[in-house]
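Residue numbers (the working numbering), protein chains in the order written: chain A, 1 to 377; chain B, 1 to 377; chain C, 1 to 377.
It is possible that some hints are incorrect.
Note: identical chains are not told apart, hence a pair may lie in one copy or across any two.
Stated by the list, open to error - In the DMTMM-like style, the derived pairs of lysine to aspartate or glutamate whose C-alpha atoms are separated by at most 25 angstroms in a straight line are:
#1 K14 to E311
#2 K321 to E158
#3 K321 to E263
#4 K136 to E338
#5 K194 to D171
#6 K194 to D345
Keep in mind the hints are simulated off the structure, nothing from the lab.
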Amino acid sequence: MTVIANQISESLVKTLPGSAYSDPDLFAREQELIFGQMWFCAVSSAEIGKAGSFRTVQIGGESILLTRSRTGDARGFFNICRHRGAKLCTEEAGEVARSFQCPYHAWTYDLDGKLVAAPNLTKMPDIDRVEYGLRKVHVREWLGYVWVSLAERPPSFEDTVIGDVRTRLGDVESLERYGVENLQLGKRITYDVKANWKLIIENFMECYHCATIHPELTEVLPEFADGLAAQYFVGHGALFGEDIKGFTVDGSEGLDKIPGVTEGQDRRYYAVTVRPQVFLNMVPDHVIVHRMYPLAPDRTIVECDWLFLPEVVESGVDLSKSVELFHRVNQQDFEACERCQAATDSRVYADGGVLVPSEHHIAEFHNWVLDQLNRDA
Amino acid sequence: MTVIANQISESLVKTLPGSAYSDPDLFAREQELIFGQMWFCAVSSAEIGKAGSFRTVQIGGESILLTRSRTGDARGFFNICRHRGAKLCTEEAGEVARSFQCPYHAWTYDLDGKLVAAPNLTKMPDIDRVEYGLRKVHVREWLGYVWVSLAERPPSFEDTVIGDVRTRLGDVESLERYGVENLQLGKRITYDVKANWKLIIENFMECYHCATIHPELTEVLPEFADGLAAQYFVGHGALFGEDIKGFTVDGSEGLDKIPGVTEGQDRRYYAVTVRPQVFLNMVPDHVIVHRMYPLAPDRTIVECDWLFLPEVVESGVDLSKSVELFHRVNQQDFEACERCQAATDSRVYADGGVLVPSEHHIAEFHNWVLDQLNRDA
Amino acid sequence: MTVIANQISESLVKTLPGSAYSDPDLFAREQELIFGQMWFCAVSSAEIGKAGSFRTVQIGGESILLTRSRTGDARGFFNICRHRGAKLCTEEAGEVARSFQCPYHAWTYDLDGKLVAAPNLTKMPDIDRVEYGLRKVHVREWLGYVWVSLAERPPSFEDTVIGDVRTRLGDVESLERYGVENLQLGKRITYDVKANWKLIIENFMECYHCATIHPELTEVLPEFADGLAAQYFVGHGALFGEDIKGFTVDGSEGLDKIPGVTEGQDRRYYAVTVRPQVFLNMVPDHVIVHRMYPLAPDRTIVECDWLFLPEVVESGVDLSKSVELFHRVNQQDFEACERCQAATDSRVYADGGVLVPSEHHIAEFHNWVLDQLNRDA
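Kindly produce the complete structure, drawing on both the sequences and the hints.
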């Protein structure tokens, strides 16, 4: 095991200042420079399963329309008519036959975003139908999800998204063996968390709190009681306890194992943070994907998916013991994050708090955030 | 017909930038420089029908008290006691015998706003009872409504209010023939619209959207289906369809025609925008008056009055088919405006949208707004 | 009687400008420089009656934890864990055995705020348990209440709190004779007032409004009908009316008289404003204590305590006629304050209002506020 944090020699390291979690101007810069630039895991590929099915999501303060073209490719657009700015789709999800028509003046766009019809358009022959098409966003599908970048020139997917996986696991193959893109949604739970998104990431990155707030999780993963998160190491998966049969709320047997999982990965829990808003959790029989949608300095929606083998989901077998374990962990974590949000405005938290040695790797996340905000926009 | 817009040669013209519809600072300047200066159509004259009857309204961010003096003249005051700032009248409407008494320390003002009594006032003989009277606003009655200007030196009523009527209709006589001040309120509906007031004006000025969202209206006024609003022209009234008997939701017979309406005006719909907040709609048997009360960048109250001949209202005849037509139009329009509000914060709407040729006259409204905001305060 | 106000010669004196009551930035400075510095009367001593009982309150924008140590001394801390900023106690009141444990990572503090335990703390031997103890606030008990100062170097309690009593009553002994610290809570009513805290102080300081809004109070204290508040004078107590038997809503007999009350103090009402947030009201048989908690420019929580002799409270005798008198006064006053709040944003109140001669002493309060805000922070 390689230790990541290089500040281990000092006993306490500073966190970000309190204002980093509460200042609306800083949040606006994060929306622009982080969520409005980086690859953002927006919806599952299955949600826009066929040509014309669509979803709208809120990314970096923008309403984004995701759909699938007739060629089967995922497409993403700003959900705004180019004529007078009316919101094109007000529904969160739906399906169109072959085009999106603005309900205000009937400007009509095909599934590739091109302007294909508008009243009196024939009288305006010099209007370029591509230039006045919907404004596109970059789209990429991976792990069965649609990733979006609102940047004109998006960062390298390989260096950022896949890079984060490689940094944590040591390689990408370890993740690929779970065949996440072939798994099927067994359960989705949405959490409305009254806390800054960075508190949620920091919480996910450390396990110093596990003994205090996660009794069920530390029962399943005894080493977590010692306070060292899987993320503290490279390529490390936390081993199930001796009497534990599966990653379930009571340690009972789980579901069918994913075929690609190796012996070394069996009976282990792996966790990866893909900045800025995704957590991947892998156990032998399922994968848990958290996606955050930051809405305000003190409010973040978290959508959590539990993915199993398709035959498991389709069999109708009871998934609740598997779901319940991390659902409780989520509830315990998000309550802790909300408890920290209040202090971020306090005069005694102006300089922030401290990280103990087992939390030192969080400082790298803080430096990463500061680097993003100091980039030239 | 004289075409107003002078940019007809170009196919697309820019709108205002998105921030013009969402920026709180700009809205504050509009409150001060537009609604807090220009003539604002506040209440109907009948609402302050006799001496001492009063109404309070919100204009330019201020609570304004309107009443009628013993001489029968309309009077307007800032609804604030000169002593310690207590709100004089908290009710929206009511009636006093001969004076307004502040409920905090009993300072008392007559119907002309003069300070006429206060505890211990006799011990303060050098207090000027006019100087410490209620702060007045300019008031003018026209068309059966009380128009108010909060400016110290109001703009010319003739040049602004009546000027807007003349610009649209070509003369004022065309309007005067409807005898609006003699009509009676048949129905009032109040709409709480989550959109900027300028979106509502823009919507009223163009008919490019009529075919898409106003099926009932285009049935009654077939030329609206072509997308050219009455306001596109000078002095033009849109002709009723051949089979249309009246300006009603189903084209059935309307009410008794207003006597002054000429043959040329018969079977026609006329519309006038009186900046900054009034729409006048004239048809042979009734007049519809919209008044907007902007409350926030993204919120506007619209009060809509349907006015008929007094004998029609008093007869108790069913007015609902006449009312229902424009009530539906209102609902359709305001929903469209709300749909546009969301985009005004978007990075891709920072430069605004575009106006097609049949909307080009809206650009003049935009220029007018910018001119008001750039005036020296 | 010595007249305090020195501007009596002029008939009208200006108040603070309207923005002083509505500007969020000014309120933030008040939170920092007034409520976050001066002695703030936070909770009653009885609420933290024994070691480990605690209360949390909002002072100067901060959550403050008040408790009692094993030595019986009141203690106050910022309610924030020094590790990662989690809120230590989320309950408003409660009791711990001997320490406060953070529910996030189990850092544990004793009743004096010292860090006494934390997971892996033994591996961090150089961490100073006092330096990483809870951040303390200064605490002082007086009149049966716990007074708190968030300042590093608090102002002199003698000069400020006691000084305000002395200025009003001429000496402190007049107050001490009521033995307030030995009285017992008979009734507490909490008011949520939609007005700036300074309007509430100004209202309490003058009686020009008494004749208008306080019929019950002026019945009991006839001189109040003349508009001169007790606070207008030094050492003056307003005399009960001739037929008045007690300080009750209908002038009927009150409860057992407090033994220390002198003959000169009998049948009189005394009032003191202890800046910035306490009102003391003394009558022969009870003492009423108002404490304000300013939450926003236009919102103040007022907690009002009615204190009687312990034997009176314990006897179970009906206190409602005593309570009802000032409860009505409170309701009448707070409604008046709310009525004034609206005007503070108005263009015609930008320069504020005026103080009549019987209100001139309020100008000293205004000057005091301005002095606090202009101090170097």
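Hint check results:
1. K14 to E311: Neither. Shortest intra-copy (48 angstroms) and inter-copy (55 angstroms) distances fail the 25 angstroms Cα cut-off.
2. K321 to E158: This pair counts as neither: shortest intra-copy Cα distance 35 angstroms, inter-copy 64 angstroms.
3. K321 to E263: Cα proximity of K321 and E263: one copy only (23 angstroms, versus 76 angstroms across).
4. K136 to E338: Answer is between: at 23 angstroms across copies they meet the 25 angstroms cutoff, but 36 angstroms inside does not.
5. K194 to D171: neither (35 angstroms within a copy, 51 angstroms between copies)
6. K194 to D345: both (14 angstroms within a copy, 23 angstroms between copies)
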